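S.K.: If you want the building blocks of each chain, they are given just below.
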Amino acid sequence: MPQIVFKLSADILLQEVANEMVILNLADGQYYGLNEIGARIVQLMSRGEDISSITQNLLGEFDVEQSVLERDIQDLIEKLQQHALIEIAG
Amino acid sequence: MTRGLHKYSVYGFIWESDLCLSSCLIPARGGTDVELRRVHKLSEPPTNCLFSSPLIRNGSPLLKTYGTSEEILLRYPGLVDILVTPREIQYVPETNSDMAFIEAQCLGPASALWLELNNTLALHTSAVVVDDAAIMLVEHSGSGKSTLAATFLRHQHALLTDDILPLNVTPHAVWGQPGYPQIRLLADVARQFISGADTLPSTHPKIGKKMIPVGVSGFGTFRDRPVTISSVYVLDRVADDTARIAIQDLTPTEGLHALIRGSSGANTLQALGLQPSRLPRLAQIVETLRVRRLTYPDGLHHLNDVYDAIVNDVDTRHTSNWH
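Residue numbers (our numbering), protein chains in the order written: chain A, 1 to 90; chain B, 1001 to 1323.
Take these hints with a grain of salt, some might be off.
[Unchecked claim] According to the in silico footprint, chain B covers these stretches of chain A (three or more CB under 8 Å from chain B):
(1) 17-27
(2) 32-46
(3) 72-81
[As the list claims (entries may be wrong)] Interface residues of chain B toward chain A, partial, derived using beta-carbon atoms under 7 Å:
(4) GLY1108
(5) VAL1129
(6) THR1253
(7) GLN1270
(8) LEU1274
(9) PRO1276
(10) SER1277
(11) ALA1283
(12) GLU1287
To be clear, the hints were calculated from the coordinates, so they are not data collected in a lab.
Fair warning: this is a prediction, and the values are worked out from it, not measured in the lab.
Glycine is no exception: its CB is placed at the ideal position from the N, C-alpha and C atoms.
From just these sequences and the hints, can you work out the full model?
M.R.: Shown next, in the form of structure tokens:
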């Protein structure tokens, strides 16, 4: 998982709002909200960063334990995949 | 002015229409921004269906929407076809159609789409003026927006709109354009606010709301000029009569969701592919205004307390701005 790079699905649109983010799935019109950390994860994903790099970035930006952060990232990835909002790049 | 046509100021634009609108619209002069007129037949209306209303009337959806990003057809089977383009709105009534219904649809959903085609955000909301700015009351139809707005009118606040609110977003402020001087209430609610409500026309002969004129010789007062918006209240009316009135901040994403839901014809806008260009402006509104959830118990006897809670909340905003 750490070296895996995810990319955003072609049909989604990101809208940042006051440090948070809304994802619009253009394919089905559904909207999803992300808090500040979730928004930052997706933002880094959209730049092509792998999971390891995203984790290191966030450890430097937020006051959070690595184990908690890694679990949160894993949970978010599962949810994003479940709703077809991201896919493995390459 | 062309013979038989009337000019009105609605939503910050000048409308020219052959509809003798019953809403006491404000007469206007000057260049026409949009024409609203009756035609006998639409020439080549769009045929690709974008949206069908879940509401059923005589076995058919109450509304079916067809179109492209250049023209949209609102078809109310058995009642009226309304074609919206960036320059005009045409309507073709069925025989014996109720003109109040046609007027309500032209001033409401059709106007909202016309505004959106002309790059103006149009939210389906009620808005009233409190102190020096307007507050927006947002949620789906039937959530109590109009009833709460009527309560504000009874307390001497002016109505900005009770249907569509066009918004102009600037770097530091959000401006709301006036709608038209009318408030719409279900008959049993209207009787609580005005006398003679039963004699007023309805938006629909059977299921509609009473169309109550606001302003001169009507109920309350109307704000006929643009005003800045201070706050958005997302209504959460609960059936529990003992529920406490509460006002809480929404998270930015919750606020953005509420504005997306509150957009007039949200499904049609989505199908037309207009949402992506609207999202940055809606996000800017959330970042500029206070977006709050108002939870309150159902029942007309609670309305004065709900009114007090909102006014106090607006006062708190003023106080906090000074510290």
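S.K.: Now tell me if each hint is right for this structure.
M.R.: For each hint, the structure was consulted:
Requiring three or more residues with a Cβ within less than 8 Å of a Cβ of chain B, the coverage given for the stretch 17-27 of chain A holds, as 8 such residues are present. For a cut-off of 8 Å, the count of residues in the stretch 32-46 of chain A with a CB near a CB of chain B stands at 3, and the three-residue condition holds. Only residues whose C-beta sits within less than 8 Å of a C-beta in chain B count toward coverage, and the stretch 72-81 of chain A has 0 of them, not enough to reach three; the restraint is violated. Interface hint at GLY1108/B: violated, since its Cβ lies 22 Å from the closest Cβ of chain A, which is beyond the 7 Å cut-off.
Evaluation of the VAL1129/B hint against chain A yields a violated restraint, the C-beta minimum of about 26 Å exceeding 7 Å. About 3 Å separates the beta-carbon of THR1253/B from the nearest beta-carbon of chain A, less than 7 Å, and the hint is met. Against a cut-off of 7 Å between C-beta atoms, the interface hint on GLN1270/B holds, since the closest Cβ of chain A lies about 5 Å away. Using the Cβ-Cβ criterion of 7 Å, the hint placing LEU1274/B at the interface with chain A is not satisfied: the shortest such distance is roughly 12 Å.
Hint status for PRO1276/B: holds, given a least beta-carbon distance of 5 Å to chain A, under 7 Å. Proximity of SER1277/B to chain A is violated relative to the hint, the smallest CB-CB distance being about 10 Å (cut-off 7 Å). Interface restraint check: ALA1283/B against chain A, minimum CB-CB distance 4 Å, threshold 7 Å, status holds. At its closest, the beta carbon of GLU1287/B sits 5 Å from a beta carbon of chain A; the interface hint therefore holds under the 7 Å criterion.
Hints 3, 4, 5, 8, 10 from the earlier list are contradicted by this structure; the remaining hints agree with it.
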